[in-house]
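Engineer: Below are the chains, spelled out letter by letter.
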Amino acid sequence: MSAPPATAFVSVEDRLRVEELYARYACCLDDRRFEEWPELFTDECVYRVVPRENYDRGLPLATLSFESKGMLRDRVYAITETLFHEPYYTRHLVSGILVAPDGGGFRARANYLVVRTKAGALSELYNAGRYVDHIVEDAGTLRFKEKLCVFDSELIPNSLIYPI
Amino acid sequence: MSAPPATAFVSVEDRLRVEELYARYACCLDDRRFEEWPELFTDECVYRVVPRENYDRGLPLATLSFESKGMLRDRVYAITETLFHEPYYTRHLVSGILVAPDGGGFRARANYLVVRTKAGALSELYNAGRYVDHIVEDAGTLRFKEKLCVFDSELIPNSLIYPI
Amino acid sequence: MSAPPATAFVSVEDRLRVEELYARYACCLDDRRFEEWPELFTDECVYRVVPRENYDRGLPLATLSFESKGMLRDRVYAITETLFHEPYYTRHLVSGILVAPDGGGFRARANYLVVRTKAGALSELYNAGRYVDHIVEDAGTLRFKEKLCVFDSELIPNSLIYPI
Amino acid sequence: METIPRPIELDWHPDACARIPYRVYTDAAIFERELERFFYRGHWCYVGLAAEIPNPGDFKRSAVGERGVVVARGRDGAITVVENRCAHRGVQFCQTPHGNTKTFVCPYHQWSYDLKGNLIGVPFRKGVRQGDRVNGGMPDDFELGSHGLTKLAVEVWNGVIFASFDHDAEPLRAYVGPEVGRYFERVFDGRELAVLGYSRQRIPGNWKLMMENIKDPYHPGLLHTWFVTFGLWRADQQSEMIVDERGRHAAMVSRKNDGGRSDAVTAGVTSFKENMVLHDERVLDVVVEPWWNGPTVTMLTLFPSLIVQQQVNSLSTRHIVPRGVDAFDFVWTHFGFADDDAEMTRRRLRQANLFGPAGYVSADDGEVIEFSQRGFAQHAGLETVCELGGRDRGGAEHNVTETLIRSMYGYYREVMEL
Amino acid sequence: METIPRPIELDWHPDACARIPYRVYTDAAIFERELERFFYRGHWCYVGLAAEIPNPGDFKRSAVGERGVVVARGRDGAITVVENRCAHRGVQFCQTPHGNTKTFVCPYHQWSYDLKGNLIGVPFRKGVRQGDRVNGGMPDDFELGSHGLTKLAVEVWNGVIFASFDHDAEPLRAYVGPEVGRYFERVFDGRELAVLGYSRQRIPGNWKLMMENIKDPYHPGLLHTWFVTFGLWRADQQSEMIVDERGRHAAMVSRKNDGGRSDAVTAGVTSFKENMVLHDERVLDVVVEPWWNGPTVTMLTLFPSLIVQQQVNSLSTRHIVPRGVDAFDFVWTHFGFADDDAEMTRRRLRQANLFGPAGYVSADDGEVIEFSQRGFAQHAGLETVCELGGRDRGGAEHNVTETLIRSMYGYYREVMEL
Amino acid sequence: METIPRPIELDWHPDACARIPYRVYTDAAIFERELERFFYRGHWCYVGLAAEIPNPGDFKRSAVGERGVVVARGRDGAITVVENRCAHRGVQFCQTPHGNTKTFVCPYHQWSYDLKGNLIGVPFRKGVRQGDRVNGGMPDDFELGSHGLTKLAVEVWNGVIFASFDHDAEPLRAYVGPEVGRYFERVFDGRELAVLGYSRQRIPGNWKLMMENIKDPYHPGLLHTWFVTFGLWRADQQSEMIVDERGRHAAMVSRKNDGGRSDAVTAGVTSFKENMVLHDERVLDVVVEPWWNGPTVTMLTLFPSLIVQQQVNSLSTRHIVPRGVDAFDFVWTHFGFADDDAEMTRRRLRQANLFGPAGYVSADDGEVIEFSQRGFAQHAGLETVCELGGRDRGGAEHNVTETLIRSMYGYYREVMEL
Ligand code: FES
Ligand code: FES
Ligand code: FES
Ligand SMILES: [Fe+3]
Ligand SMILES: [Fe+3]
Ligand SMILES: [Fe+3]
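Taken in sequence, the protein lines are chains A, B, C, D, E and F. Heads up: the first sequence begins at 1 in my numbering, then just goes up one per residue. Heads up: the second sequence begins at 165 in my numbering, then just goes up one per residue. Heads up: the third sequence begins at 329 in my numbering, then just goes up one per residue. Heads up: the fourth sequence begins at 493 in my numbering, then just goes up one per residue. Heads up: the fifth sequence begins at 911 in my numbering, then just goes up one per residue. Heads up: the sixth sequence begins at 1329 in my numbering, then just goes up one per residue.
Keep in mind the hints are simulated off the structure, nothing from the lab. Glycine residues also receive a C-beta, built at the ideal position from the N, C-alpha and C atoms. A portion of the hints provided could be inaccurate.
Said to hold, decoys possible - Residues from chain E that keep clear of chain F, each with C-beta distances beyond 10 Å, as calculated:
| no. | residue |
| --- | --- |
| 1 | GLY1031 |
| 2 | PHE1052 |
| 3 | ASN1185 |
| 4 | ARG1192 |
| 5 | ARG1284 |
Stated by the list, open to error - Which stretches of chain C does chain F cover? Using the computed rule of at least three CB atoms under 8 Å from a CB of chain F, they are:
| no. | region |
| --- | --- |
| 6 | 351 to 357 |
| 7 | 374 to 382 |
Claimed, not checked - In the BS3-like style, the derived pairs of lysine-lysine whose C-alpha atoms are separated by at most 25 Å in a straight line are:
| no. | chain 1 | residue 1 | chain 2 | residue 2 |
| --- | --- | --- | --- | --- |
| 8 | F | LYS1584 | D | LYS618 |
| 9 | E | LYS1012 | E | LYS1026 |
| 10 | F | LYS1584 | E | LYS1166 |
| 11 | D | LYS552 | C | LYS446 |
| 12 | D | LYS765 | E | LYS1166 |
Okay, chain A solo, but in the shape it has when bound (with noise of 0.2 Å):
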């Protein structure tokens, strides 16, 4: 996706709902409060992790593919029971939100830094990219209609649990 239309177009209290929705979208999985994860997307919504290598070259391959609020459910039902990994903290960082109005809703792009630390271990730079979404009122909040996950680090360190 190239850069979307200036924000202007987006009222000043609508770019702050938006910037927020990222912030409790971090805020959740680095408190590890997983089972609200879900609930920042609508019913239908589509949650993807994508090697940008695959992503650039058209190629439909996504390291998790999920099409639906369910999909995220079992997600959290596997991280939290039945994927067996070493636990590890994550730290989100993200920066630079562009919004642009889409029918009801926003489009929204931002770069995201994600560090991964296991206990004993020193903190380590886990995974890089960008998010390129779809965000919809919904029942009176900003939810995730769409969310791409588009990672430069197409070397995983072993394994991706969490998401991203």
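The hints should help you fit chains B, C, D, E and F with the ligands onto chain A, whose structure is shown.
Structural biologist: Same frame as chain A, but now just chains B, C, D, E and F with the ligands:
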């Protein structure tokens, strides 16, 4: 701290003032204007740097635990005059600021990342975590009444000299 | 540059326009739309990438030092046509933007972090520092009249090809 | 920095392939010998799919062991593989992951090579005329012919490209053998492939641990909740463990059942979740494909570098690229067939959520491999125990066995002389 | 990646313990021998406090040398320590830093162990019945009893847990000896402890440098401004240097004075700040505790892995976990006593600002250790000079000496045969 | 962590300096010997410019090989160089990159040294009086004189500072020799220098590759578009390759032409961009300086640690600091002359865009060096081919040759006994 209520309750101006406080905080530390750092706090204040491990387990030990602007000044004296160390640059990245009104002031939280660079060495990921703060109006400007730096990076790369 | 005066003097709209300029700057570089990069500057402009060491000691040498949009275009030609290098992704994280009015335009500073990712390799912390900028109104939009990238990461991991 | 590895003295009881010394996972000297004897001599390594470079001039970077190579398709359509290292002064000349080109030009001094690796141009080879004299140039006896790139032997088997630094390696099909080759040709029967995309992970464990993982039918029904709970793979299934005559390659073949409780195979298994139901079952919307002829899963290990996966409708090749003795890169290429309809493609992509670095039944394989490596590092003198299903080698009619791992180490000891 | 270390040839003049070759801080071969002889054989290592696992089933991860272990409290209340490595195929099975459990289950194939490390369950050990046949399973002669986790010897001394891979190690109290043991029991007299929290740092220097640092009463009054200025520790104090008969353990005992100028010990000392006053003195609000019986500071080194700190009202154990020859992790556990009132707890926490990776009198210890390691790396052939207070070993009635360091190296040479 | 390097057995055909074994770029044992024989014995290394420490008491940190040193100007104006390592217990005492001081004080125990490296103070050397007794202190036979810092031999040549750990090294001018010395004094003729600033890069390749790069007149006109297109350096230029009698140092001297198309040197050269024009030509606003006396470019290599650059109006020293066998730091100090006017200074700074880690004609040098190292790592047994301009050594009247590289390896083999 779970996520604060929607910042919608905070005026745009106040939100930007809070953002600016964070920017000035990072700016004075990264510019090494340490003597200005205590001035960003109220006289009665709390500043604590806490390993996430202790924070999550309810253990009271902090890596740094100050209870007054006086203690902050004593720290500034130490890092400039008494604590022998290899000097390093810091670079603070802060994002995901969430603000909620609280009495006259605000409760805020944000994610941060501190990059460390020593002379003649490569930059390194030094300390990542979150700020959990209480901000108040003080003589016409905003100051930290309480600032908690809860860090994921529990294994500190040797030493922690400058404020987080 | 010491911290600029309170951004309270800058209108909310202007502040958001400045933030957007930074977002578009990062966006066009990280998307590798290099040809758009010079367009974010005025015709007469200054772009310098300076090791913090030289900056702090008052030494004039810069890693890159351009004095016109023409020189920026020449750089774009070089990185796309003449400078042999291993291609890499960049990811810019920018935070702590401080803005102050200056005549028709603005003085601004911000912290940045650039993450580098080479094909088939792990992402690495590449360059951290601060932007010290002069931004002006130019044909109805904001552009950089002067942009200084003062970097902490004095020991550059081999080469610096793309703009910071 | 190169260092001299500890000299190899393992007291490994002859033919005790049911016990594997930790040392083989941690010793740099052993690893160097593995590279020499498995990756660079006498064996075939996977380098890619023909479908990745469909047109003349297409190329992609790949690797054989720790050596970078370039896989290209010549103007004549023939596929060639050369080492990514200039004959002049050693530069790894190709830095773009993939592309299309007529020649390879080294950036440093512009020596140029054709896609077969022949040196075709050396700037100023005959010197540079200045006035009446000719300056420099290469010696008269300098022959382009003797300064080409290192060329690898290449065999393409139904669209899958293998290469070897050893031009005397036995033919590929003989190398794989009929037992496992049969299952290779079940997936790769010559149909045109459609590449769906890539996943890449760096796993901090010795490369052999991944070979073991895919020769280990014991763990899926225990480590992977989804397998045991939904019956995709568990101990009570009809399975066959197939191995080639030398014991190096293998096929794990099985047939899914309906899952659910079973005193025999779920009692006390903490990963079994009796009441687990998916909120959205499209991820497991399996449709039988005619070419399966029965098995719902076939996992092939083509020693030393390739794993071929068919798990219901999800297909992938997995490329093992060692990175020192204690890590390897694991490159997944998911694919379907050119004649898949949109529905089937969507299905393969949905089921891909089970695989790769984040997959429901494979993210944890990388994790346990990392934990194994850590365990080995703690205690140089010890050995693992691989005695499920006995202590001998060969195939089996079921999956309650570690025989394929023992078989691999039988072959390993022979070649490594350990 | 394991590499063979330079063979050990030090020309170290017999009993010249006042000169220490840089090589002992930088040579991988020497480090391997140290692990073997100090951390894994004949010695006791600290692994935690009983107060960290108060209830049956509680466990925490810890380390002995470079080996991960799990410290647990059984249902009978007894504390056990096992290596964190599965007997099957080596997996470091425990990945949670602490918790409560009935058994240890390895994720890979669900072998399960009781908290004592006994193997109690192997899935499909007897095979899996399919129709009329039984598939796989472990060999008939497979004995659970011979495949347990590696169990460590354990001794708990007044709430402090020590473990050893060597079940023939001499009893703990004899190992520590009466001279230093007396001071150990001064802090740990059996009172219930209250854990206040943890600090962790990775220090890029050889582990012995930290032992030296706490056997070095010379530096506190010179490196640490706070000590010399406020009289917490300086050369003119009444001090005693105590060492066990073998020279490996030590206690530095001293009594604070009022600080301030003194021609003898502050003249020309750049770290002394005559006019320094704190803006907020609560950090140094010291209250004498009855059990001190005089000394205001006692610093114990229990070779090779533990430091016990009493600095006025601040108490901590410091655990040394080597990470290769040139780094170690340093884990601080601050504690008080169960019967401390809120005021005393607050006091201990305030004084904690002096200690740990950011502490006023300890952040710079980590720094100088890093600088020492860099110095050693520059010049393989040289040696340090430890001649303050003479060249012999043993205790002292003052702190103007490096005798404790010399004593440690006397013991070191004996055991290391260097 | 130190490790024992592979014993050095190279079968390197006697005097085949036109072929260089990859091993010399990747073998840790060879690198250790290089440090010993080139950086620490018998050679002079660059440590800085006198203009960087103009005043008494000024100091800066620098390095000789992998050893940190401090370069200082004494009260008498004399320049001294000492190793940055305390004689007491090895601490790298100086942690500020540059500054002004009267003495060096080690932080750990405050041993103090004068700028010449003499030990002038040891706290409590005579012990500390307590009541009627004197506690501790250094032994009576302890002599300050025998515990100074390691002092290096120093020579300052027209403002350029060289140091050597070997006090028996031949005099600097003899070491450099008249052939190359002449060009050294062309740039450094005694005029006062003005430091413009620093650039630093870490290049992941063996240090010798940078020496080769600046002894390689073959690549500039091929790798660097700007050189060939704008005629700053290309094969059809009037050039001279100068080498000292031992073959270790060299000067590449050349004269720019107008660039543009030329069948001889641009035909088929992909880096040549015939129609390239700058949007802003100020970067190439070259003004001839009287002292050039003809050549527009002179590139000097003073083995093993220094490169001196004059490229039209841009001047710099480039300091090679090895970081293990496979990396080095490359420190650029750009300078002009004290009597430059503002216009000339601006010109030098503009032209600096061509150089350094981002420079139009040098960023890619670091890249190709990295790619070479990767190539070497792939294939331990092979060798590079350096046969342009023949197989012999010595100087040349043109730049179509690799003779300077061969000359360096002639000397290299002699000293390294390989
Ligand atoms: S190194 Fe490839 S052309 Fe010279
Ligand atoms: S490795 Fe632990 S159960 Fe198999
Ligand atoms: S180490 Fe330098 S004074 Fe002790
Ligand atoms: Fe698996
Ligand atoms: Fe200390
Ligand atoms: Fe060059």
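Engineer: Confirm or reject each hint.
Structural biologist: Verification of the supplied hints:
no. : hint                     : in the structure
1   : GLY1031                  : holds, 40 Å
2   : PHE1052                  : holds, 40 Å
3   : ASN1185                  : holds, 20 Å
4   : ARG1192                  : holds, 28 Å
5   : ARG1284                  : violated, 4 Å
6   : 351 to 357               : violated (count 0)
7   : 374 to 382               : holds (count 4)
8   : F:LYS1584 with D:LYS618  : holds, 23 Å
9   : E:LYS1012 with E:LYS1026 : holds, 11 Å
10  : F:LYS1584 with E:LYS1166 : violated, 75 Å
11  : D:LYS552 with C:LYS446   : holds, 16 Å
12  : D:LYS765 with E:LYS1166  : violated, 62 Å
This entry does not satisfy hints 5, 6, 10 and 12, going by the numbered hints stated previously.
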